[in-house]
Amino acid sequence: MSLLADTIAAISPLDQEALHAARTHQDQLSKPQGSLGRLESLSIQIAGITGVSRPRLDTPAIVVMAADHGIAHQGVSAFAPKITLEMVRHFLAGKAAINVLARHAGARIVVVDIGMASELPPHPDLLVRRVGPGTADVSTGPAMSREQAQTAVEIGITVADEVIASGVDMIATGEMGIGNTTASSAIVAAITGRPAAEVTGRGTGIDDAGLQRKVALIEQALALHRPASADGLDVLAKVGGFEIGGMAGVMLGAAARRVPVVVDGFISGAAAMIASTLAPAVQPYLIGAHRSVERGQQAVVAHLDLEPLLDLGMRLGEGTGAALCISLCQAACKILDEMGQYD
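Sequential numbering of the sequence shown, starting at 0, is according to numbering that gives the first Met the number 0.
In short, the hints are calculated from the structure, not lab data. Mixed in with the good hints, there may be bad ones.
Derived pair list, reagent style DSBU-like, types lysine-lysine, alpha-carbon separation capped at 35 Å [what the hints assert, rightly or not]:
| no. | residue 1 | residue 2 |
| --- | --- | --- |
| 1 | 81 | 94 |
| 2 | 94 | 333 |
| 3 | 333 | 81 |
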């Protein structure tokens, strides 16, 4: 058995006793039933995930996977491929948006080089788990081999295991990789069967000509490789990215350890689609963070039945939307645990 197979086998349904106890307790709190809306259902979901009827989430972490994409050299992004490396430097310096929001949420950031084109010098806050120096250009060949796809997912599982073993009780997913909205759109189109034009947006802000080129390249890749929609590793290998596989692995690893996962936006959503294709049982462990303005996310949330908590017009990635939702998850649990009941 492989680490991936063992992890998938370890994902159990939500704990029904904890769900029932949390729902009963929630209905007895000193408020009209349902008056706190989704905070109530969120607290019950987290109880079922953790197996604790009155859970506490005190030690969150945001795992940011970074990798490069060969397709980025085809002009599918408003930014040059070298920006992946520069942004990771920014993360490590504590100056990016995700750093600010993680500090606000009291969350630890775990930055993982899972496949950037260039290597950084050793840094105490950087985990180096490289599958390779970026993926291949999917318009001319598969992004990676099937073996590399499984390795990327298993790296994510291992990272999840390590951060949970360090005391983390909630994980949010984030990413960095110029060109990764192209890979994500290809994944969504491959799994849902929707046309590429329907699930492809402007990413970093490309113009009309850039968007047309991006859609055409995705259509070319899908026609060339014909990924099998029900085979998550095949889709990942043919049109995905190392960081997308890594995030999928984080989700699977967290679910196997009964730890809730906050899924950021479109790219994390594409990773969630890979994870749920590999293991449908992962879906109840996922918490949708925010409704991205990236066009393809509507298909993601519909496919996963994952209603996002926030709608703020965001499209940055990095895990920024997920960072904002950490405090909502904590607040939901505190309501369940700390409120008094009617006599």
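Tested hints:
1. 81 - 94: This hinted pair holds, its Cα atoms lying about 18 Å apart.
2. 94 - 333: Cα-Cα ~30 Å, so holds.
3. 333 - 81: violated, 43 Å
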